[in-house]
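Student: Protein chains in written order, with the numbering used here: chain Z, 1 to 282; chain D, 1 to 454.
Accuracy of the hints is not assured; some may be wrong.
[As the list claims (entries may be wrong)] Calculated cross-link-like contacts (lysine-lysine; reagent style BS3-like; alpha-carbon spacing at most 27 Å):
1. D:Lys195 to Z:Lys87
2. D:Lys154 to Z:Lys87
3. Z:Lys54 to D:Lys114
4. Z:Lys87 to D:Lys96
5. D:Lys96 to Z:Lys54
Source of the hints: derived by calculation from the structure; they are not laboratory data. Remember, it's a predicted structure, so these values are computed and weren't measured experimentally.
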Amino acid sequence: MNELIASLIRRAYQEEEALDQLFAIVSDPSADVLQRRAALEGLRELAIASRVLKERNVQLITMLRGLVEDPDQELRETAISMLAQRKDEFVQRRLLDGLERREEPLVDDAQAIVLLGNDIHAGFIPTMRRLAKESPDQAVRLEATKLLAADPASADLLFEIFDDKGEDDEVRRASASALMSVARERFEPRAKEAVLDEDDTEQVRAASLTALTHFAGPEQIDSDFIARVANVDTDQVRAASLTNVDTSSSERIVAPAADAFKVREGDLAKAVRIFKERHGRS
Amino acid sequence: MTEETVAEWIGSASSSDLLSLLPEQHPLYTERSTSETTRIRGFALAAFERTGLPDDALPYVLEELESGRDPYLVAAAARALRGRRPDPAFVPFLRKAETNIRAIDAPVTFDVYKPRWPFSNATSAVAEIRKTLASIDPSDDCCTIPSCPSRSRKVIDPNIELEDQDGQTLRFADFFHGKLSVVAFFYTRCDNPEKCSLTITKLARLQQAIERGPLNGQVRIAAITYDPHYDLPHRLRRFGANRGLRFHEDARFFRTPGRFDDLRAAFDLGVNFAGSIVNRHRIELYVLDARGETVATFSRMQFDVDSILAELQSQLSLPPRPRWQPLLASIPTLFLALLPKCPLCLGAYLSALGLGSMQMFLRSPWTIPLTIALLLLHLWVIHRRTRQTRDTTPLALAALGTLALLAGSVLWDVRLAAIAGATLLVAASLFGSRVRSAAQRGIGGRALATAGEK
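When you get a sec, could you build the whole thing from the sequences and use the hints?
Tutor: Written out as structure tokens, the structure is:
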């Protein structure tokens, strides 16, 4: 960071004049872009800690909204992110309009979803439902599914995603986490089925078992289920170890496979180990 | 209906039309996002500057100033206040709004609905607050704006199913019947620190005050979530405990595992939803009697712990209120009204009783002074009631009746005037037997009480 900007930021904690200069630099499209970026980062920092800047929030928001369409992508993204964190209605509306293609998107769709996630009251649920179901982009479906964890009324859709074995594993894992948040009691029996389903993927089985380990009610973790998870252990750890050979890894070694290979602990194996530690039997 | 259509309608709406948009439970807000709801409410509030701000809209405006955290709504509320005569009583609300909003203020405009950036003629919440403050002359007659509970009774279905913070299910009556109780409404995802978080913090303070004093063991404390599908028992427990609530048998948080709408309708809760997400709610706390019926509602404005304690103490010092009590209250005045106060009346009573042979009794020398004395006694009783109810109709009827009776039977012998007088006296007694709270009939108080119910 250039010395001028660093000095202005230090002074701006107390001095209005230094703050004025930072505002002027960021808002000046003809100023050096590196200086503008540094000044904006400085304002981001000051916005958290400076009492002087808090008194001038209207000016800050006005400046940030002015940067939303700036030619410099970094400035644009910083400004949008700062506005989204402040739950700014104007930027929320632009992000949603971009996702719905009513306007040119400000940022890529997955990023827009993450930014909207700062505020559950932003009115994004219908859009997220559509994107989680229909978007061809895995990253978009993933982020949309994560946001549906805020909406108990989306439980049926989340079940649909979880049950779709053709869906990407990460998206299905996100749906498992979301279901544990919004429909725990309904999801627990389905999660148990998934853990024991040898046709399902290791990632989804591990996510389901992890969810059960940490959040399930005691009535769900009966002795029969504990015994069946113990059986999963033998087969899956071996399978996991064979697919996770990593001789250079210094990570934790899984005991059953350690005599043959140095392996990275597989997701499901790790989930089973933690489950057994938590529930005390094997 | 699109929000743009609503905004267009607001542009030409009267103050009473605008007022109808203010209750949170208005169907217009159902299934609209928080942002959309905020835009519509803000646009409607700001329009009161043009139409004039009626008394009944005042609580909504003051609520926004006292607890609002959205620059658009706070700016709109400050603007709405300029739709009525500037009053120094508003200054504390405007000052509180300025403190709340200063660090989170933003540029807003009311020139157009849902404006695109950049907009011309931008203003801000602080700018609107200061403009309204500048219009107030501090030397004006100042009145306080009372914050009093409203008294409407609501009967809650005793069979509504509840689940507490430990996952125990029970019926509404299992907890709320048998003792006086206080119940606040909230939800854990509320992002306004002046609303749900503060309400539960105050509830915890109320609990401490109750448990330290003479009310200990006589009052139950509860909070019920607006967001039952998300606010599962562990979330309820954590939210309450983090704000100082000590859970026990008589202090619990609830959600409705079944239909929330039944509870919502029974209390007529000031809340609305977009899907499962709360899009807007008011502050609301109820005092329920031992039958689980609401006896006092503190809503919209911030409540203080001392007011709730005073309410609970007053409730406990009252004997159980039988349903026939209001009827009983009218008996003494009715008795006075029906008491024969003139020769004509006495004659009528005596003949009705078959005692016509006692006509000579009517001409005795003490009949007229006794009649006048009884009439004056009747007037005095009604006057006393008028001081409590501030309704002068019974007193006016009684005065007219007295004059007509005296004129028709003592001064001149006009039978029709005497009968009219007696009728007016009976009517005055019946009117006078209505019991109404004087506290709810002041300008601010009436508005607060009625709007609290909406």
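Student: All the hints need checking, so say for each whether the structure fits it.
Tutor: For each hint, the structure was consulted:
1. D:Lys195 to Z:Lys87: 18 Å, holds
2. D:Lys154 to Z:Lys87: 38 Å, violated
3. Z:Lys54 to D:Lys114: 26 Å, holds
4. Z:Lys87 to D:Lys96: 22 Å, holds
5. D:Lys96 to Z:Lys54: 17 Å, holds
Checked against the numbered hints given earlier, the structure breaks only hint 2 and satisfies all the rest.
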